[in-house]
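**Student:** Residue strings, one per chain:
Protein chains: 4
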Amino acid sequence: MAGNTFNEVFKVTTFGESHGVALGCIIDGCPAGIELSEEDVQIHLNRRRPGQSEVATERDEKDKVQILSGVFEGKTTGTPIAMVVYNKDQKSKDYSNIKDLYRPAHGDYTYEAKYGHRDYRGGGRASGRETLTRVMAGAVAMKILSEKGIEIHAYTKSIKDIEAKDCDFNYIEENSVRTCCKETANDMEQLIIDSKADNNSVGGVIECQVLNLPPGLGSPVFDKLDARLAQAMMSIGSTKGFEIGSGFDSTKMFGSEHNDNITGMTDGRLEFEKNYSGGVLAGISSGSPLVFRTAFKPTSSIKREQVGITRDGQLQEFLLEGRHDPCIVPRAVPVVQAMTALVLVEEVLRAA
Amino acid sequence: MAGNTFNEVFKVTTFGESHGVALGCIIDGCPAGIELSEEDVQIHLNRRRPGQSEVATERDEKDKVQILSGVFEGKTTGTPIAMVVYNKDQKSKDYSNIKDLYRPAHGDYTYEAKYGHRDYRGGGRASGRETLTRVMAGAVAMKILSEKGIEIHAYTKSIKDIEAKDCDFNYIEENSVRTCCKETANDMEQLIIDSKADNNSVGGVIECQVLNLPPGLGSPVFDKLDARLAQAMMSIGSTKGFEIGSGFDSTKMFGSEHNDNITGMTDGRLEFEKNYSGGVLAGISSGSPLVFRTAFKPTSSIKREQVGITRDGQLQEFLLEGRHDPCIVPRAVPVVQAMTALVLVEEVLRAA
Amino acid sequence: MAGNTFNEVFKVTTFGESHGVALGCIIDGCPAGIELSEEDVQIHLNRRRPGQSEVATERDEKDKVQILSGVFEGKTTGTPIAMVVYNKDQKSKDYSNIKDLYRPAHGDYTYEAKYGHRDYRGGGRASGRETLTRVMAGAVAMKILSEKGIEIHAYTKSIKDIEAKDCDFNYIEENSVRTCCKETANDMEQLIIDSKADNNSVGGVIECQVLNLPPGLGSPVFDKLDARLAQAMMSIGSTKGFEIGSGFDSTKMFGSEHNDNITGMTDGRLEFEKNYSGGVLAGISSGSPLVFRTAFKPTSSIKREQVGITRDGQLQEFLLEGRHDPCIVPRAVPVVQAMTALVLVEEVLRAA
Amino acid sequence: MAGNTFNEVFKVTTFGESHGVALGCIIDGCPAGIELSEEDVQIHLNRRRPGQSEVATERDEKDKVQILSGVFEGKTTGTPIAMVVYNKDQKSKDYSNIKDLYRPAHGDYTYEAKYGHRDYRGGGRASGRETLTRVMAGAVAMKILSEKGIEIHAYTKSIKDIEAKDCDFNYIEENSVRTCCKETANDMEQLIIDSKADNNSVGGVIECQVLNLPPGLGSPVFDKLDARLAQAMMSIGSTKGFEIGSGFDSTKMFGSEHNDNITGMTDGRLEFEKNYSGGVLAGISSGSPLVFRTAFKPTSSIKREQVGITRDGQLQEFLLEGRHDPCIVPRAVPVVQAMTALVLVEEVLRAA
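Residue numbers (my numbering), protein chains in the order written: chain A, 7 to 358; chain B, 7 to 358; chain C, 7 to 358; chain D, 7 to 358.
All clues stand as given, with none of them false.
Given that identical chains are not distinguished, each listed pair holds provided it fits within a single copy or across any two copies.
Straight-line Cα separation of at most 30 Å, DSSO-like style, residue types lysine-lysine; simulated pairs:
(1) 81 <-> 105
(2) 280 <-> 105
(3) 149 <-> 70
(4) 105 <-> 149
(5) 99 <-> 70
(6) 94 <-> 81
(7) 280 <-> 188
(8) 258 <-> 309
(9) 280 <-> 154
(10) 280 <-> 258
Read the hints as simulated data drawn from the structure, not as lab findings. As the structure is a computational prediction, the values presented were derived from the model and not from experiment.
Please model the entire structure based on the sequences and the hints provided.
**Tutor:** If you want it as structure tokens, here you go:
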């Protein structure tokens, strides 16, 4: 109810602030008998880690996960799995310039409106650093899903107005922007580098495809599979939109165009002419590939003058310090993948 | 967990099939002391009712709500409010043509994949008729919100490629398509009529604005206000996308363009140059108007030949019988409003 | 959260007041494919019905259940099952004597303290009539459990100081007090009749045994099987205590006496010398018979002068009108059984 | 759903095994602005700590709590509070004698039946060491309750057949058995010491009184305040029974005896002749003192030969090694207090 818990069966509760002691999560409801090591989790944290790509300095031994409970002799026990990452850089930086200022596009004001005060160090709980704990939990979910042959492929579909043209899943981890498209990858990367040089930022769209999902997952009415995916994606910071299958484009078509005839059924999976439904019919998976997209706005933190407002109501120009991602999209790819895994593992376990 | 419950504090559970005995809901968690009559609910059901507009026959005494519990001497008691609408037309129609056929864009196959069998009469639980119970519960939520001065304005933003140009909330209930725009209303209406004549259908976008929402509503991380709205909207049948504020357009802008400076604060509500955030910052309301859009695909049920598949795997052409909405958007407007009310009343009560 | 919902998987939400329009429930989460008719439910409602025993007038056609949804062609569909019983006797009785009076041992004052006002007609939501909806839901749970061979035997263990001496499950429904003991049944019955004649009331203990429960049901820590049973039993009105296995007597023994050696294992069910654990070890079923007891106080409503307090703080003698059960225990037996079924079906489905 | 989460508003999830890396909890839903330090928690952990009393060796610097998140500048932020205690003694003891043996009165068999394998080191998750995390969370709850003047007094009511005669709350922490009664404290203590010398164990009853609880807390039907307390108490290991107010004794009385007239009302709190209700009417607090009792069996772990069964079904005598509490009751007192605080803080926050 307080917003830090996700799922009911594979229940994940996360904690931690950007510059607090540690971040982590508890998974309550992971089945027993799953092989799990810290390395299984670390591999995904490394993909989300700041400073990983060729266009930025590599920092070493960051965000090292520790499993505190729930694993015995290399296997999950069915009891809660607690995981933690201690923050290394807790040096008492000077935050006096930001302490009494509400910045646009940040949670400064809204957290204070809700809670009365806020941890202003590096964004506190509202920092993107929070997604680290989603990736932790998602890594465990992916272990379960991959045992069932379910594959989750998330990738950069567009950076600003550069859109991917083809789609090769194997290429995703081979380029710094994590696009699926060899043809446009360099342009995307260059656009980000140029934006950074210009003290500017860009956004983009992440698409996610899930293959081999069995039919019959999801629920009617409020917990439709697409509805839960929408919540999961829109819960990631910096997102502004979600669409599945034909998405917003569908509103421009006639029914006769959008009409997506069934072409067959293989291994209990429906096949369609165009998969406009995106793999979900009436909230429940049809066995067709799941396809959905999430919109990420350009990073708000740019090194240009912006106008905020002080606690006592005075407009105030300010200039952000520090190093910020000129584009959050490449590092958000593993987060999208993790949240997708969390939604799907829930449905897989409910159906078990 | 089974998908028919929404919210935790103002907890709504719905039931009922299109051609079963009755549809209804229980609200468990409505505060005591709210004035409530059947008329308060009926007024909204009438807006959702089929056959209401000038372009269709008016049928009378439809969908009459009965309150079974939770109200005493005209006021809610704090105990569960059960409401029910009995189905009038339960005549044993012949469904033999559809019984063993899985249609595209319907839940026929997915319900069977999940549950093993299905109530095939009129779509059963997967019918759009289910939204009736959302409107019931939303009507009660709106009583609570309106006492706090919170206004929810939902309206047709576009029908196919005709987009509203101006926005007058007072005009919404004065035109059959429920657009906010006098200039385009006739064109929208005509497009729907023409589509119907052509045995075709169209979709569109519903926009919703919420005024006077206090700052500080919503939760961090997973239950961000925009994430919960996304789930609520995407849980309505026929939706394919959701966006808030600048939405998918944001991905095409530079950070410097998307940069939305604060211009002031009035009564604890932040004001922005462009309200690109759509009224939510870091998942919590800022006091600016909430603005979001939902994409509705063109109605799947058109009187043209389509290709489905039988239970035993044979492709089969079929032609739908019966009368169907050529465009679901105008009748979905009160559903969007109701779901918005359910999301917001939850946050208002959590914050109380 | 508002207290009218039980379970998470087999989620039951109930509604209704003693003298309102109707009482009923929704089960959200019942598996599909269970054969279910109104008769399956009615049979249990009849056991709970007032005026059923030889010592009271038989009233006819009372508490007739109607299934509103979730069943198609005689089988559950997996979607919500709504059931309702309309109140017959809603004649506007005169409640002016009770309207402003808080009676001892009733919820008059506490409901007002919580909700600001109350439905004072016949106890409103706090009436024992509410248990009718537990029996409805329990009837469906029992269908599922009996398919798995699980037997729930609840019976009167004692009435005041008369305690059952032997235990024959087949005898339970053959005597008006629903005891398992032929030897003491008449004495128990006579004691109740005498109490009634004396305008007095008595209480007693209901014991419940569950046979053929598989091992491994229940959860560690907070949702231990015995903890959930304790909540379920103590949620029934008029209960004052719960104990499992050796219960309160265990506190009087040395460890060496209480020591309950294992004597064997049959079909995966542990066997013990004395079953002091009552079938639960560390919160999880061991396969031994589940045995627990619930204490019911003597009915508060007796035709003798009692002292209450008025809304404006004046002590006031009052004399209750109407016909009341001189002992609630016999009619509470099916309620105990129903609540046990609800706890167990949840665990069975979680483990599925 | 997996049993390691308690409450919905003040939601506590715990983790950790007896001999794992660490134990801890997350509180998701603690209000912002509560002053909280590690010392506030440590003080209660020290009361629960093994080896604290005069009859046992004092071990130093044990179970040191660390707060990982949710507190900023000495106050809770409203975001999740994670707390952890690292296990000191993780030396790889030899558990080969217990690894394949199911002991009576332990969760060895039931955990394996549920999960397929188990962490057999010191009881794993089923160890009483788990209660440490309840005390952590309870300490935070008590901060909130004490700000409202609510006092929770838990104490040893009886050890085996020695029952407390008088009740002085101030005496509780002044004697090693934590009884409220000066007259019987020495006898209780001596009985425990003698049992230990005899390689035996004893149990007892813990009573809890809550003063200054406002009326109107709790919910009708399933979440009655006494029902939730019953679950909370019965979820503590080694408990066999729960009763409130007149408890099981009530079943022996006539209604006319049990009749508990109202004698007045002070500050909105009802007063009764005998408080037989135990402070709860129809599931909701009346403002009278809350009084309930929990039965703890004698410790199962005694240094005497017992009979267990091996994984392959052979009965086997075994002798427990190690030091065990001859009576768990004194150390369970702070656990009862903590669980009471968790139940009450939930109701206080729901009512806020």
